[in-house]
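As you go down the protein sequences, you meet chains A and B in turn.
Position in the first sequence (from 1) plus 2 gives the number in the numbering used here.
Position in the second sequence (from 1) plus 2 gives the number in the numbering used here.
Calculated directly from the structure, the hints in this document are not laboratory data.
Don't take each hint at face value.
Far from chain B, some chain A residues (derived; all Cβ distances over 10 angstroms) [stated by the list, open to error]: (1) L27; (2) Y29; (3) D34; (4) D79; (5) A264; (6) R303; (7) R310; (8) K331.
If you want a taste of the chain B side facing chain A, the calculated C-beta under 8 angstroms gives, among others [claimed, not checked]: (9) Q224; (10) V225; (11) I251; (12) I265; (13) P306; (14) D317.
Yeah, the Cβ is synthetic: ideal placement off N, Cα and C, and Gly gets one too.
2 protein chains.
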Amino acid sequence: MSIETIGWHKGKLRLIDQTELPGKLKYISTDDVNVVWDAIKRLAVRGAPAIGIAGAFGVAVAALKSRAKDCDALKNDVIKAADYLSGSRPTAVNLFWALERMKAVARSGRAENCKRMKQFLLDEAKNILKDDKIRCRKIGENGERLIKEGDGVLTHCNAGALATGGAGTALSAIFSAKRKGRKFTVYVDETRPLLQGARLTAWELLHEKIDTVLITDNMAGQVMKEGKINLVITGADRIALNGDVANKIGTYGIATLAKAHAIPFYIAAPVSTIDFSIKTGGEIPIEQRDADEIIKCGGKRIAPGNVRVYNPAFDVTPSHLIAGIITDKGFVTPPYGKKIPGLGER
Amino acid sequence: MSIETIGWHKGKLRLIDQTELPGKLKYISTDDVNVVWDAIKRLAVRGAPAIGIAGAFGVAVAALKSRAKDCDALKNDVIKAADYLSGSRPTAVNLFWALERMKAVARSGRAENCKRMKQFLLDEAKNILKDDKIRCRKIGENGERLIKEGDGVLTHCNAGALATGGAGTALSAIFSAKRKGRKFTVYVDETRPLLQGARLTAWELLHEKIDTVLITDNMAGQVMKEGKINLVITGADRIALNGDVANKIGTYGIATLAKAHAIPFYIAAPVSTIDFSIKTGGEIPIEQRDADEIIKCGGKRIAPGNVRVYNPAFDVTPSHLIAGIITDKGFVTPPYGKKIPGLGER
């Protein structure tokens, strides 16, 4: 049984509060756009696809609560809510993509009154969620063959069910390979500072009874050197037209180490992660996060309180380090420059 | 004022309990060899040179407490204590080197009675400590010129005063460059699982008023890519004749990343860190440590309790990734095969 990271229940958006995992499985139920903004900001919901879905429902709950008397006023409230939500995380493009879909509904003129427009908006959020489940399944189908019997697979951060509306991206490929009956071992980087690997990915993999080994981030080079790793798969937060990929901090280092060990490094992400407006990863803004995330671990201060900290949440992996990108619309390999633009047209 | 990691006070060995840093500066005072063994095992004292000094004093306190009636019986007690202490950590060679020095005193036949032999043993431990202070100073003198005005220096784990009897190894070079009036920034990897970088190195650098930036281990690649790093310096736990170096887990990954970014990677260590009995790093045993070190952080469980863990305490960096080794007897550069054996003869 797969876990439900995001759902719509009894007129409210329900999210797993991922900051409490793996200790507690706690839910947030809300019809308040501010609570959704805060859940995205503090990573109670995280992972590029899941952020997009949460953002869409955030717009929907704002619309449902709106006191606008006509469609124009409601449209303005929708645009306001979308703009507000877009400020919660700057790097993941799926959020902007989902918010654009919601704004397009409000702008379409399809609804004859506010009640209908509210219904259309809620339906659109539900469709984004439903589509994401399908996209995850397709990523799994397109990626599973990369994982062979007996392989060691390294993954970073969390690109699983907890990052999406479905079975995940990188983990969907892993889950699909498992369902094909193959046996393999997944090495999980703990992914400091927020430990999504240790807290979330290890939890998901064990839930699916996959052989899982947890390591610290600085052990990636060593497990590669020892021959334990046959391939690396991670998710993505934004992909440029040339195949450069923004993903959780540390991804670039792993991709560089993989190259040095001649290990293929793959990205798994839905086409909604591609930013068709940017040519290279150099155009992707990198979110800088609070020093406390590094100065503390497990809630405890672990460093001198007055130390300076550098805390980029993401890095950009240049396309020449990426052996292939697994999407819901197929598996693409270098050269990406010609193939990625085409994915938007399928 | 430099901190005193290890000292002999009022008939007892006094150690900083480094597991309590940076929160508390707490000391362990003991004349019990079991307490010394435990302090080494649980990393209350750590860093290859400091472990060697603690081991020497461990033999000395065991000898001082011995009820042996003659020199032969005392010699046997010394050998027993040294063998016992050698099992506390398997990778750092300085420990075995220091224990050999203590056993050599017992075997020398210099002492005419037990009382004299006990005095000789205590003197030898004090000499090992005193010599280490001098070695640290010389490493500083031999390494400081590598750090230029305005540089960014990356270091890993703790190779400072807390790792030695003096000013440190890698950090001694940094402290010497500071004393020359140069301004630069030191980037410190936090060094999971035991966070020696965040807890100890950041604390030491701030104590010496050096511009310090703390990062998580998985950010090393990113700060290199951004051009923030001009050189890397780390300590070493054991060096083979061909220049392969065992050091804290993560060192190999950093050295590989440094190579990919054309950044020089240096090792700083006393000649006592060289194992003249081994040709390559392949002969160095790598200590595997407890799963709880990874499953917990800051004392709190951060991963599912039933997850498998891989926890090597060290890795081996092949000599071809090392631009130079700074020792107390000079700075050596590749090819190491001919130069390292010569260091033992100076």
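To see whether the hints hold, each was checked on the structure:
no., hint, in the structure
1, L27, "12 angstroms, holds"
2, Y29, "19 angstroms, holds"
3, D34, "30 angstroms, holds"
4, D79, "40 angstroms, holds"
5, A264, "13 angstroms, holds"
6, R303, "7 angstroms, violated"
7, R310, "5 angstroms, violated"
8, K331, "30 angstroms, holds"
9, Q224, "5 angstroms, holds"
10, V225, "7 angstroms, holds"
11, I251, "6 angstroms, holds"
12, I265, "12 angstroms, violated"
13, P306, "5 angstroms, holds"
14, D317, "4 angstroms, holds"
In summary, the structure is inconsistent with hints 6, 7, 12 from the numbered list given earlier, while agreeing with the others.
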